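**Student:** Please arrange chain V on chain L, whose structure you already have, making use of the hints.
The chain contents come next:
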Amino acid sequence: MTEAAAAPALRRTALNATHRALKAKMVDFGGWDMPVEYSGLIAEHMAVRTGVGLFDVSHMGDIQFRGPASLDAVNRLCMNDASKLAVGQAQYSAMLYPNGTFVDDVVVHKLGENDYLLVINAGTREKDIRWVRDTVGGMSSTHISDYSDYYTQLAIQGPRAAQVLQKLTDTDLSTIKNYWFTWGKVCGLYNVMIARTGYTGEDGFEIYIPSDEPTSARVWNEVLAAGAEFSILPCGLGARNTLRLEAAMALYGHEISDSVNVFEANLGRYAKLDKGDFVGREALLAVQAAGGPQRKLVGLEMVERGIGRDGYPVLSLEGQPIGVVTSGSPAPFLKKNIALAFVPVEFAGLDTEVAVEIRGQGVKAKVVPVPFYKRAKV
Amino acid sequence: MAYPTNYRYTKEHEWIQIEGTNATVGITDYAQSSLGDIVFVDLPKVGATVEAHKTFGSVESVKAVSDLYAPMSGTVTAVNDELTSAPEKINTDANTTWMIKLTLSAPAEADALLSAADYETFVSEETGH
Numbered sequence: 003m004t005e006a007a008a009a010p011a012l013r014r015t016a017l018n019a020t021h022r023a024l025k026a027k028m029v030d031f032g033g034w035d036m037p038v039e040y041s042g043l044i045a046e047h048m049a050v051r052t053g054v055g056l057f058d059v060s061h062m063g064d065i066q067f068r069g070p071a072s073l074d075a076v077n078r079l080c081m082n083d084a085s086k087l088a089v090g091q092a093q094y095s096a097m098l099y100p101n102g103t104f105v106d107d108v109v110v111h112k113l114g115e116n117d118y119l120l121v122i123n124a125g126t127r128e129k130d131i132r133w134v135r136d137t138v139g140g141m142s143s144t145h146i147s148d149y150s151d152y153y154t155q156l157a158i159q160g161p162r163a164a165q166v167l168q169k170l171t172d173t174d175l176s177t178i179k180n181y182w183f184t185w186g187k188v189c190g191l192y193n194v195m196i197a198r199t200g201y202t203g204e205d206g207f208e209i210y211i212p213s214d215e216p217t218s219a220r221v222w223n224e225v226l227a228a229g230a231e232f233s234i235l236p237c238g239l240g241a242r243n244t245l246r247l248e249a250a251m252a253l254y255g256h257e258i259s260d261s262v263n264v265f266e267a268n269l270g271r272y273a274k275l276d277k278g279d280f281v282g283r284e285a286l287l288a289v290q291a292a293g294g295p296q297r298k299l300v301g302l303e304m305v306e307r308g309i310g311r312d313g314y315p316v317l318s319l320e321g322q323p324i325g326v327v328t329s330g331s332p333a334p335f336l337k338k339n340i341a342l343a344f345v346p347v348e349f350a351g352l353d354t355e356v357a358v359e360i361r362g363q364g365v366k367a368k369v370v371p372v373p374f375y376k377r378a379k380v
Numbered sequence: 137m138a139y140p141t142n143y144r145y146t147k148e149h150e151w152i153q154i155e156g157t158n159a160t161v162g163i164t165d166y167a168q169s170s171l172g173d174i175v176f177v178d179l180p181k182v183g184a185t186v187e188a189h190k191t192f193g194s195v196e197s198v199k200a201v202s203d204l205y206a207p208m209s210g211t212v213t214a215v216n217d218e219l220t221s222a223p224e225k226i227n228t229d230a231n232t233t234w235m236i237k238l239t240l241s242a243p244a245e246a247d248a249l250l251s252a253a254d255y256e257t258f259v260s261e262e263t264g265h
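Keeping their order, the protein sequence lines are chains L and V.
The opening position of the first sequence corresponds to residue 3 in the working numbering, with each subsequent residue numbered one higher.
The opening position of the second sequence corresponds to residue 137 in the working numbering, with each subsequent residue numbered one higher.
Mixed in with the good hints there might be a few duds.
To be verified - Ranges between beta-carbon positions, derived for each pair: (1) L:Leu352 - V:Glu187: 43 to 49 Å; (2) L:Gly190 - V:Thr228: 41 to 47 Å; (3) V:Val201 - L:Gly190: 43 to 49 Å; (4) V:Ala184 - L:Lys368: 29 to 35 Å; (5) L:Lys366 - V:Thr185: 27 to 33 Å; (6) V:Val201 - L:Gly139: 39 to 45 Å; (7) L:Pro10 - V:Glu218: 42 to 48 Å; (8) L:Gly313 - V:Glu187: 23 to 29 Å; (9) L:Glu320 - V:Lys190: 41 to 47 Å; (10) V:Glu148 - L:Ala19: 18 to 24 Å; (11) V:Thr239 - L:Arg361: 21 to 27 Å.
As the list claims (entries may be wrong) - With a Cα cut of at most 35 Å, we get these calculated DSBU-like pairs of lysine-lysine: (12) V:Lys190 - V:Lys237; (13) V:Lys190 - L:Lys25; (14) V:Lys190 - L:Lys338; (15) V:Lys147 - L:Lys25; (16) L:Lys368 - L:Lys379; (17) L:Lys338 - V:Lys237; (18) V:Lys225 - V:Lys181.
Claimed, not checked - Interface residues of chain V toward chain L, partial, derived using beta-carbon atoms under 8 Å: (19) Gly172; (20) Asp173; (21) Val175; (22) Phe176; (23) Val198; (24) Lys199; (25) Val201; (26) Glu218.
Bear in mind the hints are in silico, worked out from the structure with no lab data behind them.
Predicted model only: the values in this text are computed from it and were never measured.
Glycine included, every Cβ here is placed at the ideal spot set by N, Cα and C.
Chain V extracted, bound-state conformation:
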């Protein structure tokens, strides 16, 4: 699956779609594929603040737990509640299945994130393919 070029990426395998000072966050297709069948997602509440590079929640497959890292700092404005009952949607389409929406507090943090092409290179180096 291709990585959308209008998203930015972290080395912890999150994507972020930025529109002005608003942003939407999810995990990458590589992340969902590495995890396997996702069965549980733990997300912050609306109003919580998240900080770039710090954990904001966790995602669990049958066999593993993985922390979620905030790509950028901000305040949570929406949480995808659908994932409580249907976390497997992340496996089906990681690119469009969002987890949280943010109001960004430091939009310049975007400069430190990876482009789709950089992320793809990073993943291929990590997996040795």
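Chain L extracted, bound-state conformation:
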């Protein structure tokens, strides 16, 4: 008997056994064996909108740039202007190809002078690191380190997130503004990076702790215990996806990819074309000079009964194919069926009616403002 070629082993975070002990449903996510849901996607989604949820996002990658040229390297690689960051501040950004499409979106953290940390996507880790080395690896005076496996990254998200994490740290979390971070003692661990960031459209924190299994499991369990009074739930990638979709945040491979440019993805506000040269800038200037992109990412809300999903065609009301849904799902908090989709600019105006082709049938939808969900400012 011959054995079939084994599929490459899935990668595991330090919390894999913890997820399995919680009876999470596990899936292959970009080569990682990750929890998609524990108690149920809708319950997890609602916990984050109304209370607090805990996510293992250790599959995300981390690239650090140090040395006198590190700012130049980051600013050559990324479209946002890292020179505007203060120490302890983070910004949404992206690495682009010369044609203005996406290598990946990233969050740039300024750890110190000449010291930057880029948090990158899981599915693109190897590609990103190769791209970084190929593009700026030859620059003198910058040292690039892949720290992806050094951290267990936990996201504590929801209106109660600050109250929960505050029980576990002596750092005054109220002093950390949105998209800022600091270092503090968390669960007895010194110098933990505590960032007020996330991917849910909700207030929350991401903490970076050592990636050994006992420490990771201990902190995970201490966060769950601290959140018990607020009915904290461990949350999987299923809720992470619906939460980010309600907040209309881009997901690599869906809204952004190597065939989508910055303006098409509606992320032009993060591209600082006047900061100096960076990879992709010339192409973006050319798109601007040509009068902007031909197609745009829009928010759709289903008007008729049906759920538009990833990859479904978008049609004009006359039935002509005009675009495609990049992400579509029922929205558990909004209780509507929503989607992000590329359509020609002439269909991108608010309230424009289109159809989504669902199993051969055109089902009516309309263009609505994004984000679909915006949390109340406190």
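**Tutor:** Chain V in isolation, oriented as in the chain L frame:
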């Protein structure tokens, strides 16, 4: 949850309860559990004909779409309209939450279906438990 022994089952995870030439169809507990929170059910109209092994509708959870396969051929005599507004009832009790009722056109097709014990074995092989 146990699979009722008076039902027959498909490998596509539907159950059918047969009474003479009438039958009631739903999806199994394993199916609802694999799908997760069910939010949408698309069912045929009364009077429509369905054919064994062919799709008769679909069921959607937040994250997935799954076709529904007719266990046997027949004519739809009733549709559980309650599922339009409360599809989550399938998650709560898949064994008793029916989708469609049929008048069977080929009752002998039942012979090709799985018993509860066969279905349970099939599911355990599929999941590797």
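**Student:** State for each hint whether it applies.
**Tutor:** Tested hints:
1. L:Leu352 - V:Glu187: 43 to 49 Å: holds, 44 Å
2. L:Gly190 - V:Thr228: 41 to 47 Å: Cβ of L:Gly190 to Cβ of V:Thr228: about 43 Å, so the range 41 to 47 Å holds.
3. V:Val201 - L:Gly190: 43 to 49 Å: Holds - the Cβ-Cβ distance for V:Val201 and L:Gly190, about 46 Å, lies within 43 to 49 Å.
4. V:Ala184 - L:Lys368: 29 to 35 Å: holds, 30 Å
5. L:Lys366 - V:Thr185: 27 to 33 Å: holds, 28 Å
6. V:Val201 - L:Gly139: 39 to 45 Å: Between V:Val201 and L:Gly139, where Cβ atoms are some 44 Å apart, the hint holds.
7. L:Pro10 - V:Glu218: 42 to 48 Å: Holds - the Cβ-Cβ distance for L:Pro10 and V:Glu218, about 46 Å, lies within 42 to 48 Å.
8. L:Gly313 - V:Glu187: 23 to 29 Å: holds, 28 Å
9. L:Glu320 - V:Lys190: 41 to 47 Å: violated, 31 Å
10. V:Glu148 - L:Ala19: 18 to 24 Å: violated, 33 Å
11. V:Thr239 - L:Arg361: 21 to 27 Å: holds, 26 Å
12. V:Lys190 - V:Lys237: holds, 16 Å
13. V:Lys190 - L:Lys25: Measuring from Cα to Cα gives roughly 34 Å; hence the hint holds.
14. V:Lys190 - L:Lys338: holds, 30 Å
15. V:Lys147 - L:Lys25: holds, 25 Å
16. L:Lys368 - L:Lys379: Cα-Cα ~27 Å, so holds.
17. L:Lys338 - V:Lys237: Given pair L:Lys338, V:Lys237 holds - Cα atoms ~30 Å apart, limit 35 Å.
18. V:Lys225 - V:Lys181: Measuring from Cα to Cα gives roughly 20 Å; hence the hint holds.
19. Gly172: At 6 Å from the nearest chain L Cβ, V:Gly172 passes the 8 Å test, so the hint holds.
20. Asp173: This interface hint holds because 5 Å falls under the 8 Å limit.
21. Val175: This interface hint holds because 5 Å falls under the 8 Å limit.
22. Phe176: Cβ of V:Phe176 sits 6 Å from chain L, so the hint holds.
23. Val198: For V:Val198, the interface hint holds, since the closest Cβ of chain L sits about 5 Å away, which is under 8 Å.
24. Lys199: Where the cut-off is 8 Å and the nearest Cβ of chain L is about 5 Å from V:Lys199, the hint holds.
25. Val201: holds, 7 Å
26. Glu218: violated, 15 Å
Of the numbered hints stated above, those contradicted by the structure are hints 9, 10, 26, listed in ascending order.
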